[in-house]
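Trainee: Chain by chain, the residues:
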Amino acid sequence: MQLQKIIHKSSKGDRRAQKQFFELYADRLFAVAKRYAVSYESAEEALFQAFLKIFEKLPDFEFINEPALVGWLSRIVINQALMDRRKELSTLYKLETIDEEHYNIAGTETVDDAVLIEVVNRLPDGYKTVFMMHVVDGYAHKEIAETLGISESTSRSQFFKARKLLQKKLNYNYGQAGT
Amino acid sequence: MDKLEHNIQKAFEEDDAGFRYQGKEVMWKQLDNSLGTSKKVAAWWRVAAVFLGLLLAGGVFAGLNYQRQHAAEIAELENFNSQLQFELDSIKSIPTQVKTETKIVEKVVYRDRFVQQKQGANETDWEQKYVQLQDSTEHILFEQHQTYKEELAKLTADLQAAQTELTALKNADNPEQTEPFQLKSERVELGVQKKPAVNNPELEVKIFPKNFGGKTNDLNRTLFKK
Numbered sequence: 003m004q005l006q007k008i009i010h011k012s013s014k015g016d017r018r019a020q021k022q023f024f025e026l027y028a029d030r031l032f033a034v035a036k037r038y039a040v041s042y043e044s045a046e047e048a049l050f051q052a053f054l055k056i057f058e059k060l061p062d063f064e065f066i067n068e069p070a071l072v073g074w075l076s077r078i079v080i081n082q083a084l085m086d087r088r089k090e091l092s093t094l095y096k097l098e099t100i101d102e103e104h105y106n107i108a109g110t111e112t113v114d115d116a117v118l119i120e121v122v123n124r125l126p127d128g129y130k131t132v133f134m135m136h137v138v139d140g141y142a143h144k145e146i147a148e149t150l151g152i153s154e155s156t157s158r159s160q161f162f163k164a165r166k167l168l169q170k171k172l173n174y175n176y177g178q179a180g181t
Numbered sequence: 043m044d045k046l047e048h049n050i051q052k053a054f055e056e057d058d059a060g061f062r063y064q065g066k067e068v069m070w071k072q073l074d075n076s077l078g079t080s081k082k083v084a085a086w087w088r089v090a091a092v093f094l095g096l097l098l099a100g101g102v103f104a105g106l107n108y109q110r111q112h113a114a115e116i117a118e119l120e121n122f123n124s125q126l127q128f129e130l131d132s133i134k135s136i137p138t139q140v141k142t143e144t145k146i147v148e149k150v151v152y153r154d155r156f157v158q159q160k161q162g163a164n165e166t167d168w169e170q171k172y173v174q175l176q177d178s179t180e181h182i183l184f185e186q187h188q189t190y191k192e193e194l195a196k197l198t199a200d201l202q203a204a205q206t207e208l209t210a211l212k213n214a215d216n217p218e219q220t221e222p223f224q225l226k227s228e229r230v231e232l233g234v235q236k237k238p239a240v241n242n243p244e245l246e247v248k249i250f251p252k253n254f255g256g257k258t259n260d261l262n263r264t265l266f267k268k
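Line by line, the protein sequences are chains G and E. Residues 3 to 181 in this note's numbering are what the first sequence lists, from first letter to last. Residues 43 to 268 in this note's numbering are what the second sequence lists, from first letter to last.
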């Protein structure tokens, strides 16, 4: 069945189409939820709540293409995960201690993806969230500020600090990449 | 975006693409249940909302209507009250006078009446009219009653005369019935008949005036001899 047809039927409440839709995007969206949630269980809960919202809002969604759809779905999941996390971590955006662990990897061009993901995941929560929202999920600082309830300058500041920390951890040649 | 960020983005995208979530079936079952329940709940709430809305609208309408009706009633009562107050004030301002009126009705009908009269002619007009009307009505009724009485007496007299005439006519047809005493058949036991002993000759019944004496045939005796 075509994606557009699936979306149309899902929005009408067709349970079979809704299941197909869920099967199509559950993996990808769970990966997104996992990035922002505190734990695996929190990610599952966020995904569940997000899908309820998605099926509720689907009749209002205008399908243009799949990347737009994925972007829309991701934002719903991210918002839900962040909302859940805000409840769990009340001290999220306080000054965070930065561990001084270094990977001592020379030349990040050859760094394995898994190591990169690991390094990002080990960032303090505030840095990690802003960095991933901006870099991985394509949020602008204004959007990040609105979503997280912080100022735009704080978002920028957190992002730069996160990047600096990453570079430091990876012993990345700062001058090589430029800003 | 620098190279590090690009690499990180690419790494995450590849990681996302290769990720498989194991609890999909379980989550779908939960979603299926929740979607069904939420739909039912939504439908129920919609019905309840409509019902409550109607109830609320009805209540508001009834309340407004009652308030309007109540206000109209109050206004009407106030108006009536002020009217009464005005009348009361005007009555209070008129000095009252008690007048005794005696009216002799035709044919020994006396009526003593105390009529409270007010100096204002307009206020007592209706009372006078009422009394006059009452008197005239009673007078007419009395006259009618008298006429009926007279007519009744006349008719009674006529009836008696007619009855008398009828009796006379009946008596003329049956003269025996006119006798003051009527014969009544009655059996009388006479017993043994005896010869009347008449010693006084003056008491003797004589058809013939001549005295028969001696040897001549006494005709009177012969006639009455049994």
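No wet-lab data here; the hints were simulated from the structure. Every value quoted in this text rests on a predicted model; they were computed, and no experiment measured them. It is possible that some hints are incorrect.
[Said to hold, decoys possible] Heads up, simulated SDA-like pairs for lysine to any residue below, C-alpha to C-alpha not over 20 Å straight-line: (1) E/Lys52 - G/Lys144; (2) G/Lys163 - E/Asn75; (3) E/Lys196 - E/Lys212; (4) E/Lys71 - G/Arg17; (5) G/Lys55 - E/Trp87; (6) E/Lys52 - G/Asp86; (7) G/Lys14 - G/Asp86; (8) G/Lys59 - E/Thr206; (9) E/Lys66 - G/Lys130; (10) G/Lys170 - G/Ile152; (11) G/Lys14 - E/Thr179; (12) G/Lys130 - G/Lys59; (13) G/Lys166 - E/Lys45; (14) G/Lys144 - E/Trp87; (15) G/Lys7 - G/Arg17.
Trainee: The structure should be examined with respect to each hint, and the outcome stated for every one.
Mentor: Status of each hint after checking the structure:
no. : hint                : in the structure
1   : E/Lys52 - G/Lys144  : 23 Å, violated
2   : G/Lys163 - E/Asn75  : 44 Å, violated
3   : E/Lys196 - E/Lys212 : 24 Å, violated
4   : E/Lys71 - G/Arg17   : 11 Å, holds
5   : G/Lys55 - E/Trp87   : 19 Å, holds
6   : E/Lys52 - G/Asp86   : 27 Å, violated
7   : G/Lys14 - G/Asp86   : 29 Å, violated
8   : G/Lys59 - E/Thr206  : 122 Å, violated
9   : E/Lys66 - G/Lys130  : 27 Å, violated
10  : G/Lys170 - G/Ile152 : 26 Å, violated
11  : G/Lys14 - E/Thr179  : 92 Å, violated
12  : G/Lys130 - G/Lys59  : 29 Å, violated
13  : G/Lys166 - E/Lys45  : 14 Å, holds
14  : G/Lys144 - E/Trp87  : 38 Å, violated
15  : G/Lys7 - G/Arg17    : 13 Å, holds
In terms of the numbered hints stated before, the structure departs from hints 1, 2, 3, 6, 7, 8, 9, 10, 11, 12, 14, listed from lowest to highest.
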